[in-house]
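Protein chains: 2
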Amino acid sequence: MLDVDRSSEFERLPPEQARALIARGEHTGGTANMANGRVQGNLVILPKAYALDFFTFCHANPKPCPLLGVSQAGDPALPMLGDIDIRTDVPHYYIYRDGRFVEEVTEIGSYWREDLVSFVLGCSYSFEEPLMAAGIGLRHVELGRVVPMYRTNIETRPAGPFGGGLVVSMRPMKPADAIRAVQITTRFPAVHGAPVHLAEPEQIGIRDLMTPDWGDPPEMRDGEIPVFWACGVTPQVAIERARPEICITHKPGHMLITDLDNASLAAI
Amino acid sequence: MLDVDRSSEFERLPPEQARALIARGEHTGGTANMANGRVQGNLVILPKAYALDFFTFCHANPKPCPLLGVSQAGDPALPMLGDIDIRTDVPHYYIYRDGRFVEEVTEIGSYWREDLVSFVLGCSYSFEEPLMAAGIGLRHVELGRVVPMYRTNIETRPAGPFGGGLVVSMRPMKPADAIRAVQITTRFPAVHGAPVHLAEPEQIGIRDLMTPDWGDPPEMRDGEIPVFWACGVTPQVAIERARPEICITHKPGHMLITDLDNASLAAI
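These protein sequence lines map, in sequence, to chains A and B.
Residues 1 to 268, numbered by this note's numbering, are exactly what the first sequence covers, in order.
Residues 1 to 268, numbered by this note's numbering, are exactly what the second sequence covers, in order.
Keep in mind that a hint or two might mislead.
As the list makes no split between identical chains, a pair holds if one copy fits it or if it spans any two.
As the list claims (entries may be wrong) - Each computed EDC-like pair below joins lysine to aspartate or glutamate, with the alpha-carbon atoms no more than 16 Å apart: (1) 174 / 202; (2) 174 / 200; (3) 251 / 107; (4) 251 / 83; (5) 251 / 103; (6) 48 / 245.
Simulated from the structure, these hints should not be mistaken for laboratory data.
Just so it is clear, the structure is predicted and the values come from calculations on it, not from any experiment.
All chains, full assembly: derive it from the sequences and hints.
See below:
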């Protein structure tokens with residue numbers, strides 16, 4: 001049970017201790033308030049036969065798929081991101097077979113194969129921290145909800161079997177905050193970077209802001225415009241389409257905690 | 001008469017030759033296509049009794065009043081901006097008495113006084129150049145019109161008798177171009193910097209985009225949002241309000257051409 005004391009303890013946990021707690025199965029929940037200040041990542045594990053195409057897909061679509069680290073085939077370690085065993089260090093995993101979700105698990109030792117390659121992609125937690133530090137309120141955080149995410153009519157650049165539409169996350173802001181948010185997130189290309197769109201949702205194929213494809217409906221307040229960022233769900237859609245015989249991802253919100261500092265990702 | 005050949009010749013003119021042409025009275029028109037790549041400035045000349053307050057006003061309101069250079073009292077030179085005689089080097093001047101426009105002249109030798117101080121402020125020409133270089137179309141430039149400008153309900157920070165509402169210029173853009181324009185103009189704090197507002201004109205007190213307070217009405221196209229930058233007309237409004245016994249400015253569009261390169265103003 002996560003009470004307030006425990007929560008603030010979680011926030012201050014060094015990343016290796018947070019991962020150890022998760023590896024022992026003592027924390028299987030979300031990671032939003034754990035090891036604050038450290039980069040958290042989206043996880044995609046694929047057979048080596050798909051790895052080069054997926055790598056190319058990420059490289060061709062850096063805004064939705066900002067690659068932070070890649071493992072050697074069969075090696076559960078990701079030394080560039082910390083002392084990590086990818087089989088145990090994520091609180092909840094999703095297992096996909098032929099592009100379809102089949103199961104949710106808390107460790108993937110029994111699924112491990114010598115040909116699996118792990119990809120870790122930047123996530124919006126890293127840019128939300130400097131936004132909040134700049135005094136820009138994030139509605140979904142304030143309300144304890146999941147950020148709303150939408151399919152768009154913007155096509156990714158395909159690579160092999162990977163492709164499909166760009167998925168975006170949306171944060172409502174007053175226009176002056178939207179301008180400031182463009183400035184701040186531009187500094188973080190490794191975690192989605194600047195918005196891809198703002199205002200005018202129908203221009204990118206979003207008919208109704210109130211019915212997101214993933215996450216919770218937003219609460220738009222007077223004078224706010226929607227601001228859209230490329231989203232880490234994009235590669236999940238690409239994987240559904242590619243239908244690899246096996247794929248393992250994190251469960252949304254249950255991220256890999258790395259040793260990297262968010263601040264170290266600032267490009268400017 | 002400015003024909004096409006003359007125009008392209010004007011674009012390539014070194015700044016000192018452009019100023020010499022103007023000083024001899026051989027060019028009394030606008031400076032938009034002269035000495036391309038060089039910083040052009042808004043001019044405000046005030047008696048020394050007002051200079052400290054105006055300096056403070058500029059410092060407190062850097063977005064509308066980005067100060068590029070200031071002269072010594074009584075000295076018509078501005079060596080930090082080039083080999084300039086401010087009495088002759090601007091194509092057209094406006095003379096104000098007690099805050100009211102009284103006359104338009106092509107040189108100000110007869111108005112010169114030993115207590116006059118010249119202030120040169122950055123203007124949007126400098127940030128329009130990198131916007132266009134990035135492929136962002138500027139409607140008023142394409143149509144050969146004056147950018148539309150509007151009074152807003154945003155108050156400047158007053159200093160002595162100087163104050164009043166912020167004036168903004170507006171450029172219609174598609175949302176993705178607006179995001180790119182925030183990134184590009186953020187690099188140029190010395191020439192108004194990032195936009196102050198976008199979309200939702202009524203939020204800043206603009207009721208009808210089609211009836212600007214200065215300049216020509218805009219042409220908004222499908223899918224475009226208005227993007228607003230702080231405008232160099234703001235100090236003119238502040239001066240009308242302060243009612244100095246004399247004030248001399250450039251005529252809008254008839255700017256001081258300096259030796260500075262636009263590129264030299266990039267802060268990042």
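Margin query: Need the list of violated hint numbers for this structure, in ascending order.
Written below: 4
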